[in-house]
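Colleague: Spelled out from the first residue to the last, the chains are:
Number of protein chains: 2
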Amino acid sequence: MTSLFETHRDLLDKAVAATRSRDYWSAFPEMPSGKIYGETAKADGQAAYESYLGQPFDLAGHPGAGTVGEEVSPYGGALAVGYPAASADSLIAAAKAATAPWAAAGPQAWVGVCLEALKRLNARSFEIANAVMKTTGQGFPMAFQAGGPHAQDRGLEAVAYAWEAMSRTPATASWSKPAGKGTTIAMEKRWRVVPRGIGLVIGCNTFPTWNSYPGLFASLATGNPVIVKPHPSAILPLAVTVRVIREVLAEQGLDPNAVLLAAEAPGGTLAKSFVGNPEIALIDYTGSSTFGAWVRANAGSAAVFSEEAGVNPAVIAGTDNFRGMCANLAFSLALYSGQMCTAPQALYVPRGGIETDDGHKSFDEVAGAIAASIDRLLSDPGRAAAVCGALASEDTVKRIAAAGALGRVVRASGPIEGMDGARTATPLVLATDAASSDAHGEEQFGPIAFVVAVDSAADGLARAITGVRNRGAITAAVYGTDPAFLQAAEDGFAGVGANLSFNLVGDIYVNQSAAFSDYHATGANPAANACFTDLAFVASRFRVAAARRLAA
Amino acid sequence: MTSLFETHRDLLDKAVAATRSRDYWSAFPEMPSGKIYGETAKADGQAAYESYLGQPFDLAGHPGAGTVGEEVSPYGGALAVGYPAASADSLIAAAKAATAPWAAAGPQAWVGVCLEALKRLNARSFEIANAVMKTTGQGFPMAFQAGGPHAQDRGLEAVAYAWEAMSRTPATASWSKPAGKGTTIAMEKRWRVVPRGIGLVIGCNTFPTWNSYPGLFASLATGNPVIVKPHPSAILPLAVTVRVIREVLAEQGLDPNAVLLAAEAPGGTLAKSFVGNPEIALIDYTGSSTFGAWVRANAGSAAVFSEEAGVNPAVIAGTDNFRGMCANLAFSLALYSGQMCTAPQALYVPRGGIETDDGHKSFDEVAGAIAASIDRLLSDPGRAAAVCGALASEDTVKRIAAAGALGRVVRASGPIEGMDGARTATPLVLATDAASSDAHGEEQFGPIAFVVAVDSAADGLARAITGVRNRGAITAAVYGTDPAFLQAAEDGFAGVGANLSFNLVGDIYVNQSAAFSDYHATGANPAANACFTDLAFVASRFRVAAARRLAA
Chain V
187 MTSLFETHRD
197 LLDKAVAATR
207 SRDYWSAFPE
217 MPSGKIYGET
227 AKADGQAAYE
237 SYLGQPFDLA
247 GHPGAGTVGE
257 EVSPYGGALA
267 VGYPAASADS
277 LIAAAKAATA
287 PWAAAGPQAW
297 VGVCLEALKR
307 LNARSFEIAN
317 AVMKTTGQGF
327 PMAFQAGGPH
337 AQDRGLEAVA
347 YAWEAMSRTP
357 ATASWSKPAG
367 KGTTIAMEKR
377 WRVVPRGIGL
387 VIGCNTFPTW
397 NSYPGLFASL
407 ATGNPVIVKP
417 HPSAILPLAV
427 TVRVIREVLA
437 EQGLDPNAVL
447 LAAEAPGGTL
457 AKSFVGNPEI
467 ALIDYTGSST
477 FGAWVRANAG
487 SAAVFSEEAG
497 VNPAVIAGTD
507 NFRGMCANLA
517 FSLALYSGQM
527 CTAPQALYVP
537 RGGIETDDGH
547 KSFDEVAGAI
557 AASIDRLLSD
567 PGRAAAVCGA
577 LASEDTVKRI
587 AAAGALGRVV
597 RASGPIEGMD
607 GARTATPLVL
617 ATDAASSDAH
627 GEEQFGPIAF
637 VVAVDSAADG
647 LARAITGVRN
657 RGAITAAVYG
667 TDPAFLQAAE
677 DGFAGVGANL
687 SFNLVGDIYV
697 NQSAAFSDYH
707 ATGANPAANA
717 CFTDLAFVAS
727 RFRVAAARRL
737 AA
Chain D
187 MTSLFETHRD
197 LLDKAVAATR
207 SRDYWSAFPE
217 MPSGKIYGET
227 AKADGQAAYE
237 SYLGQPFDLA
247 GHPGAGTVGE
257 EVSPYGGALA
267 VGYPAASADS
277 LIAAAKAATA
287 PWAAAGPQAW
297 VGVCLEALKR
307 LNARSFEIAN
317 AVMKTTGQGF
327 PMAFQAGGPH
337 AQDRGLEAVA
347 YAWEAMSRTP
357 ATASWSKPAG
367 KGTTIAMEKR
377 WRVVPRGIGL
387 VIGCNTFPTW
397 NSYPGLFASL
407 ATGNPVIVKP
417 HPSAILPLAV
427 TVRVIREVLA
437 EQGLDPNAVL
447 LAAEAPGGTL
457 AKSFVGNPEI
467 ALIDYTGSST
477 FGAWVRANAG
487 SAAVFSEEAG
497 VNPAVIAGTD
507 NFRGMCANLA
517 FSLALYSGQM
527 CTAPQALYVP
537 RGGIETDDGH
547 KSFDEVAGAI
557 AASIDRLLSD
567 PGRAAAVCGA
577 LASEDTVKRI
587 AAAGALGRVV
597 RASGPIEGMD
607 GARTATPLVL
617 ATDAASSDAH
627 GEEQFGPIAF
637 VVAVDSAADG
647 LARAITGVRN
657 RGAITAAVYG
667 TDPAFLQAAE
677 DGFAGVGANL
687 SFNLVGDIYV
697 NQSAAFSDYH
707 ATGANPAANA
717 CFTDLAFVAS
727 RFRVAAARRL
737 AA
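Those protein sequences? They're chains V and D, same order as listed. The first sequence runs 187 to 738 under our numbering. The second sequence runs 187 to 738 under our numbering.
Calculated from the structure, these hints are not laboratory results. Among the hints, a few may not be true.
Same chains, same names: a pair is fine if it fits in one copy or spans any two.
[Stated by the list, open to error] Here are the simulated lysine-lysine pairs, BS3-like style, with alpha carbons at most 30 Å apart: (1) LYS282 / LYS367; (2) LYS458 / LYS363; (3) LYS221 / LYS282; (4) LYS282 / LYS228; (5) LYS458 / LYS584; (6) LYS367 / LYS305; (7) LYS584 / LYS282; (8) LYS221 / LYS367; (9) LYS200 / LYS584; (10) LYS221 / LYS363.
Given the sequences, and given the hints that come with them, work out the whole structure.
Modeller: What follows is the structure, given as structure tokens:
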């Protein structure tokens with residue numbers, strides 16, 4: 187029988203090559219097209235999603251008595267899906283029981299299971315898209331792409347790094363050392379990959395699959411059982427993911443409890459029950475800085491990979507495509523109502539304005555043109571709904587209301603037409619002056635942007651860099667035409683580890699990071715303590731043990 | 187002008203290849219031979235060492251007012267070398283000032299400087315051997331090999347991993363994504379390696395260079411300035427190392443303060459002043475578990491790579507070469523008076539004895555034969571001095587005296603003949619029974635070994651594995667002939683991350699680990715939280731930052 191590893195070997199090799207060339211490559215098509223996914227895929231996916239609603243979620247053999255779960259869609263309505271209600275102790279016990287047999291399966295089995303699961307997840311992209319959309323509030327196109335193929339690509343990327351790192355050590359070597367007088371000492375050496383222990387993946391509300399797949403697949407592909415602890419508001423996409431992986435494990439005669447679901451209702455404390463437990467060896471976390479700091483401080487000897495809050499800056503020094511710049515920034519601010527960890531929040535503009543292809547633009551004209559571009563983008567209700575989606579959390583509604591006091595309102599936030607019953611808000615754009623306000627420097631999660639008046643482009647750059655150093659950022663955007671300024675920006679943002687995009691116009695946005703090419707986060711500022719995904723993200727998830735003996 | 191990187195490129199490529207094949211390879215000859223190092227090298231090295239004694243140690247441009255240092259040789263006599271007396275604040279300030287220019291030099295410069303420094307250190311191997319011998323108490327042959335070429339090989343190995351990890355990301359890529367209707371979105375992307383920050387290397391008393399070079403060169407080769415904090419009793423070998431690296435830096439027009447020396451007298455608290463300082467991003471530590479636990483708990487966001495205490499087991503189930511086994515174990519116990527982190531401490535032997543090529547041997551006969559082999563090995567005073575050397579610390583003398591009460595004395599410790607004025611002790615061998623004593627389970631650093639009676643080989647193996655899991659170990663030795671038992675041992679010790687040697691006889695010992703082939707420690711048990719050296723040891727010492735723009 188062909189092993190899963192052999193079946194998917196070509197895919198793996200291509201993925202490894204892509205992480206090295208970093209040219210465009212994707213394993214999983216991002217177009218939600220019937221021609222690619224099957225003519226009935228869209229309807230089948232929606233039906234599959236709907237079949238979960240109001241039902242217990244079946245995970246054969248999973249620990250837990252009774253059900254738990256209180257997901258309510260940002261589009262309105264409770265999902266009423268009941269997930270296995272399992273205590274932290276019972277989940278850890280099940281993961282512990284699965285540890286030795288999963289470790290014994292070895293790297294090819296780990297990688298093979300992951301690749302097969304990713305292929306099956308890809309085939310279910312419409313189903314997952316519905317689950318992501320209805321739990322996060324993302325518009326459908328984003329829920330499909332980011333929640334489906336893009337997340338799968340990121341999972342595959344983690345598997346590729348894991349395979350490269352693990353397979354770097356040969357299984358065996360003959361070692362022959364000259365010992366003088368024509369003699370040698372000859373040894374046979376063997377190495378094996380030793381997983382670290384149980385992995386814990388703490389998911390977030392906004393990108394349950396995209397933010398969780400790297401850690402989930404990195405830990406699983408290096409032989410560690412994984413407990414997946416979704417955000418209480420976005421359980422379903424990860425529950426489906428866990429089920430698919432468990433099915434592959436069971437088919438391979440492996441213990442399905444190598445992947446477990448830790449579901450709970452809002453207000454639960456499951457995550458706190460796991461962190462610091464000596465059985466938990468690896469923690470992947472995406473969420474608030476407050477809880478992230480607690481996780482890092484209380485993880486004990488577990489390795490923690492965390493993505494937390496940040497304030498992504500844009501520095502606008504000038505442009506030779508004013509209209510394109512404004513349209514591009516408008517889209518970045520509106521996309522998923524600013525609920526992306528990569529969306530800009532603080533847009534620095536010289537107090538005296540900027541030079542553009544359309545002549546000099548004053549500070550107010552720049553702020554106004556960005557606001558007008560948002561208006562234009564959202565003028566079509568269908569497009570507005572698809573771009574903005576809904577707000578994942580009621581907290582964001584309150585934050586928008588409170589933020590109105592933080593600056594001069596250039597563009598007011600409002601509901602999105604035609605999305606009755608959904609929790610929606612278009613971007614709030616505020617103008618402030620760095621001379622008198624620091625409001626832009628604190629994360630305001632959601633559709634809240636500051637256009638910040640600064641002395642000059644250089645002043646804006648300096649403030650942006652300081653902000654990244656102190657508060658963290660995953661992305662930075664710069665618009666300018668002076669090569670010396672652009673070089674200073676490149677050096678400055680590199681120094682604080684914000685991944686920089688220059689002068690973006692058209693259909694590519696600072697928010698977007700492409701698997702296999704763009705690294706997501708750097709680990710070099712407070713927004714994340716690691717890059718997702720690179721070699722360092724996987725290299726410490728396993729150890730190598732040796733046995734040596736004299737050659738016969 | 188040819189860059190240092192280009193000059194040493196071939197050496198680097200060979201080192202990278204060696205870490206992959208893991209066959210025997212060494213860049214630096216381990217024989218203290220005049221034919222290799224020059225006919226006058228031995229005398230020159232001794233003279234260089236002696237020239238330091240009773241003098242201020244010159245480090246041009248190094249921070250510090252006045253001198254500090256109270257090294258006393260285990261062979262007798264004060265070194266009376268005065269090192270720059272610099273406060274933690276002044277060292278951090280100097281390292282901080284060196285950070286940006288060193289980061290800007292880039293990977294090829296970092297690696298080139300490291301390779302050139304290693305070559306120069308190799309040329310000074312006799313000088314370093316004298317410094318290591320006189321500060322640690324090692325015999326000269328070991329001080330030369332472990333303190334010189336082997337340490338240099340380990341430094342080179344770290345540089346090789348660093349180069350491989352850094353160069354994995356291309357400097358640039360053209361990214362071209364199909365965007366439908368025959369169009370593409372094309373971007374130019376650039377990446378650069380961003381060092382983490384200031385590295386701190388905390389050295390140990392017994393292997394100042396061998397244990398410090400991996401962290402020192404791993405951090406330096408990834409662009410981080412490094413503060414080297416030697417053990418107060420073994421400063422000189424690292425002071426010479428720091429001077430050599432600083433000379434290379436200065437010749438290259440770089441700030442020599444990219445490498446700094448934090449010297450202090452015994453009882454100082456410099457290490458505590460650095461740990462937890464937010465400027466310190468990387469910490470490499472070798473030493474006690476007590477201080478190691480403090481370092482790990484107080485390091486803040488710094489990455490910590492630590493090697494701490496352990497209890498290395500040997501399980502003796504049987505042998506087809508009884509005399510060879512006893513001689514081999516005797517050497518492992520006597521070598522550097524048991525002061526190696528890789529030396530066995532707990533030797534498990536079935537209570538009912540073992541089968542050998544020389545017939546059945548009772549427990550007492552096994553213990554007695556190992557003791558007799560030690561006697562034989564040390565019967566020649568010159569050999570005894572070369573093998574055992576002297577005791578690095580007076581604490582070890584006290585420990586040996588107290589250990590006599592922990593079991594039945596099979597072989598008493600005593601001074602080594604002809605080493606007047608030196609602090610010496612031959613191995614103490616104790617017999618205990620696991621049914622009534624746990625004394626073997628706590629680290630007894632120095633020449634103290636327990637032959638532990640157990641129910642059976644399987645019982646001994648189980649106890650050894652549990653011991654490694656709870657107390658840590660870097661090595662494990664197993665003697666046996668039953669393939670099923672050997673496989674169980676291989677599986678069991680792999681599970682707890684102890685690197686295993688089977689049935690060693692002749693001139694290869696469980697204590698020895700060969701750079702480029704054997705990994706040192708695994709990170710999978712309490713003896714160390716990382717392997718030294720592998721990809722994971724270097725991969726998180728730098729980050730990668732990106733800049734992207736639309737293609738013209």
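Colleague: Does each hint fit the structure? Answer for all of them.
Modeller: The hints, checked one at a time:
1. Proximity of LYS282 to LYS367 under the C-alpha cut-off of 30 Å is found in neither arrangement, the shortest distances being 53 Å within a copy and 52 Å between copies.
2. For the identical chains of this complex, LYS458 and LYS363 are neighbours neither inside a copy (52 Å) nor across copies (42 Å), given an alpha-carbon limit of 30 Å.
3. Neither within a single protomer nor between protomers do LYS221 and LYS282 lie at most 30 Å apart by alpha-carbon distance, with minima of 43 Å and 57 Å respectively.
4. Taking the shortest Cα distances, LYS282 and LYS228 never come within 30 Å of each other, neither inside one copy (39 Å) nor across copies (57 Å).
5. Taking the shortest Cα distances, LYS458 and LYS584 sit within 30 Å of each other inside one copy (26 Å), while across copies they are farther apart (45 Å).
6. Taking the shortest alpha-carbon separations for LYS367 and LYS305, only the inter-copy value of 27 Å comes in at or below 30 Å, while the best intra-copy value is 58 Å.
7. In this assembly of identical chains, the alpha carbons of LYS584 and LYS282 never lie at most 30 Å apart, being 42 Å within a copy and 43 Å across copies at closest.
8. Proximity of LYS221 and LYS367 under a CA criterion of 30 Å is satisfied inter-copy only: 16 Å between copies versus 72 Å inside one chain copy.
9. For a Cα distance limit of 30 Å, the shortest separation of LYS200 from LYS584 qualifies neither inside one copy, at 46 Å, nor across copies, at 61 Å.
10. In this assembly of identical chains, the alpha carbons of LYS221 and LYS363 lie at most 30 Å apart only when taken from different copies (20 Å versus 60 Å within one copy).
Against the hints set out earlier in the document, violations occur for numbers 1, 2, 3, 4, 7 and 9.
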